[in-house]
Amino acid sequence: MRLELAGITKRFGSLVANDHVSLTVEPGEIHCLLGENGAGKSTLMNVVFGMLRPDEGEVLVDGEVFRPSDPGEAVRRGIGMVHQHFMLVPVFTVAENVVLGFEPTHRTGVLDRRRARSEIARLSAEFGLEVDPDATVENLPVGVQQRVEILKALHRDAQVLILDEPTAVLTPQEIESLFVIVRSLAASGRSVLFITHKLKEVMAVADRITVMRLGKVVGTTTPDETDEGGLASMMVGRTVELVVHKEPATPGRPMLRLRGLTVADERGAVAVDGLELDVHAGEIVAVAGVQGNGQTELVEALTGLRPVVSGSIELDGAEVTGSSPEEMLRAGVAHVPEDRQRDGLVLAMSIEDNLVLDVYNRPPFARRGSRALGVVHTNALEKLSAFDIRASSVESPVSALSGGNQQKVVVARELSREIKLLVASQPTRGLDVGSIEYVHRQVVAERDKGVAVLIVSSELDEVLALGDRIAVMFRGQIVGIVGPDTDRETIGLMMAGSGASAEVAGNPTRPADALPADAASPDRRTDRWSRR
Amino acid sequence: MSSVGTSPRQVPHGWTAPLRRLAQANVAVVTVLSVLSALVLGAVLIIATTPAVLHAIGHIGSHPGRALGLTGASVGDAYWAMFSGAIFSPSVLGHTVSTGHGWVALFTPLSETLVSATPLVLAGLGVAIGFSTGVFNIGAQGQLIAGALAALYVGFEVHLPIGIHVPLVLLAGAAGGAAAGFVPGFLKARTGAHEVITTIMFNYVMLNLLDYLLSVSPFQQPGQSNAISRTMPATARLPHLFGSGLRANLGLVVALAAVAAAAWFTRRSTLGFSFRVIGLNPSAGKTAGIDARRVTVLVLVISGALAGLAGTASLAGTDFFLSSGYGGNIGFDAITVALLGRNRPVGVLFAGLLFGALDVGGRNMQAVTGIPLDLASVIQALIVMFVATPVLVREVFRLRGGGGGSSLQLATGGWGG
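Each protein sequence line maps, in turn, to chains D and C.
Sequential numbering of the first sequence, starting at 146, is according to our numbering.
Sequential numbering of the second sequence, starting at 6, is according to our numbering.
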């Protein structure tokens, strides 16, 4: 079956989540949809499944226009989806889960378990999906649960299979066997749409690749025509040329020193792995990298939000490892968080309250436990004009502001303290061009005041425009530090972890491809990357 | 609490302003209409449970006047008894005006309503502070008992002049409740144990601790084999406000002061601000350096202290001794009062007064008309149900706009945490 998306456009207010997205999945093809988080992949899938109605464009199945009104209709039309988070009943058996909703029954209406089992056996054999139909799902490893999900889709006679980030939860071995299954599905004439942001997998499994970025299709290619570096630079884009006017940096003393910093993610896996990095006063170090290589955890450790497993953080000569968020803040770390609505603002509170979220209990904003609301108010009025925040009133909730103005509130608050280090994560995500320029100017101004700045961005353009030095992060480590005049292809390759070139900014780096491929087992790494 | 439990303190602006202002007005309108709807359904219940009325309605074809008259009379009598029992009775007023005597009888209903509302307001404030911070303190009952026990102990064990003794008793009551609130707070901050479970379980611990203490020295009344505590000495009793004939006492002043303090606390204090931030967006609070675990402990301590004061107000104000199951439903009614008051101090005050009036009025209704007191409880429950489903009220009364249910949604939004 042929699935075609023709010029799909979906807007949410001023945000264009999908901008004339077109792609075609041919029968028997494994088509990879590649893009960062927030590139618009999920919106697109919700359109295919009738959860969202496109503002423009059509979905075509075998050339016929298909406008599903709910997911059930898509399933009946032969489109199956394997979600990232499985939709299984844990206490049911494999067979029960597979037939759920489409149960074979005896004439009396009783579930025909034998037929259910034999159908599963047939499908298992046909596609190499080994699984015991009588096992209880909650006892199965994740990889096998995923097979149950695939079986479920096949049982419903799916001719197009959409796999949403199917490898996110799998071990390398499970990923290998998933690829075998996917190939056998394609060989049977079914179409597979494989959604991911992992470059290696795309190169390994895809027949064709469509790359999305910021809601648009950047291009369609094949593994033969490109390599991981090429894909990486497509993913992070090169569409907008950002220009930031700044003088060359005059770095001073080392303000931030990270030595052997190791941080774990929620699941306890190593996310930042013995990272070493210096940021000097008066310079901007921009961390480039594909999302999910430990950037979030690095920032959280620097701001005291996430415990440090081992290694040390030194701020202006003082050891601050293991400090609380408040201690970090008082020590002079400003933090512009990645997700401003979740971590940066209390949306339901007023602009003036949000502007003092970190100093609400300090003079002059409070005295002896009582808030000085007048001072809070005047402060807000000053910040409004100083940071060009467009708001009708400082008493209105910050949720009433546009994204750009919300970000300005965060920036205004963080830059209002005496700071030594500014940590900004995706500081311009989702902002309009004007706000982007404004935020960039503020960042450069802080640098010129002698503040050490660490920017984390998945936008290569931003990294190149802002960074005085660019640190490329891959699998929890800095794999190389290059100058801002380095060409994108080189950085792209480094981001893909497939090799840092030798001429890189004078830093004698060990080639990153010497890293073992398997980052999931840290004890197998014998030789850590080290700088200087 | 003011602007805490509510959705954003929206300041309407732009062309949709009139519409949004209407939506905000709906919060109050919905509450009033909820009370009305509950009274109407209560009337249906009265009709359905009074055989004589049902019989008359059965013969409505032959005697329509009689059926309607009887229906009106029975509903009217019931609600009239409720009103005159809880606010004032016009017939007593007439008597007082003509004779110049009986002032006490005239104000007794109002005084009783205030007495009944006092612990509800205090405990309700405690629950509301928790709700608006995303902490679900279901343990007001246990904290109330802990406060009452501490107050009683200081009452009979310490001998002081009334001017010092009474404040000390109040302080002890608050401390007892605070201690009972600290335990689940500490458990949550340290181990993540959900406060809904620990506070409910702590209720049972306190109920049984009370039963045990009532049967041993020094709490048990000497010479008694029943589970009844010693009584509060005169110096430890809350003074009456309007003479010895009316039971309204200093507890009411404590409750009003607590309302004012809570209003200041949420609007003006730094601690209240941090509570609000953690309640509305814990991750932004943590990022801004607010210690969410400290907030959790403090919320439960303050919440418990208010519940402890509720128990003390009843003990030292009207009851003077403890018995098994002390406090009855006050701990749970406090939750309803907080919800009805939308977690705002002034809202809690009015909700507490309404519930106190329904309790006192319901008792009078039972005495006068024989309609069981349970009807008052049903009406209380219906009011809260209607308030919790503003969509329903808007449908019934054809109101437009949204925003009426925001505080309840917010108050229940943290159950998953």
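No lab work stands behind these hints: they were computed from the structure.
One or more hints might be untrue.
Stated by the list, open to error - Part of the chain D face toward chain C, derived, beta carbon under 10 Å:
| no. | residue |
| --- | --- |
| 1 | Met-494 |
| 2 | Asn-499 |
| 3 | Gly-514 |
Unchecked claim - Heads up, incomplete: computed chain C residues facing chain D, CB under 10 Å, no partners named:
| no. | residue |
| --- | --- |
| 4 | Pro-227 |
| 5 | Trp-269 |
| 6 | Lys-291 |
| 7 | Gly-294 |
This one's a predicted model, so the numbers in the text were calculated from it and none came from an experiment.
All residues carry an ideal CB built from backbone N, CA and C; glycine is no exception.
Going through the hints against the structure:
1. At about 6 Å, the closest approach between the beta carbon of D/Met-494 and any beta carbon in chain C falls short of 10 Å, and the interface hint on this residue holds.
2. A cut of 10 Å between beta carbons decides the hint on D/Asn-499: the least distance to chain C is about 9 Å, and the hint holds.
3. Because the beta carbon of D/Gly-514 sits about 5 Å from the nearest beta carbon in chain C, less than 10 Å, this interface hint is met.
4. Look at C/Pro-227: its Cβ only gets to about 45 Å from chain D, farther than 10 Å, so that hint breaks.
5. The beta carbon of C/Trp-269 comes within 8 Å of a beta carbon in chain D, closer than 10 Å, and the hint placing it at the interface holds.
6. Given hint, C/Lys-291 at the interface with chain D, holds; its Cβ is 6 Å from that chain's nearest Cβ, closer than 10 Å.
7. Residue-level restraint check for C/Gly-294 holds (minimum Cβ-Cβ distance to chain D is 3 Å; threshold 10 Å).
This entry does not satisfy hint 4, going by the numbered hints stated previously; all others are met.
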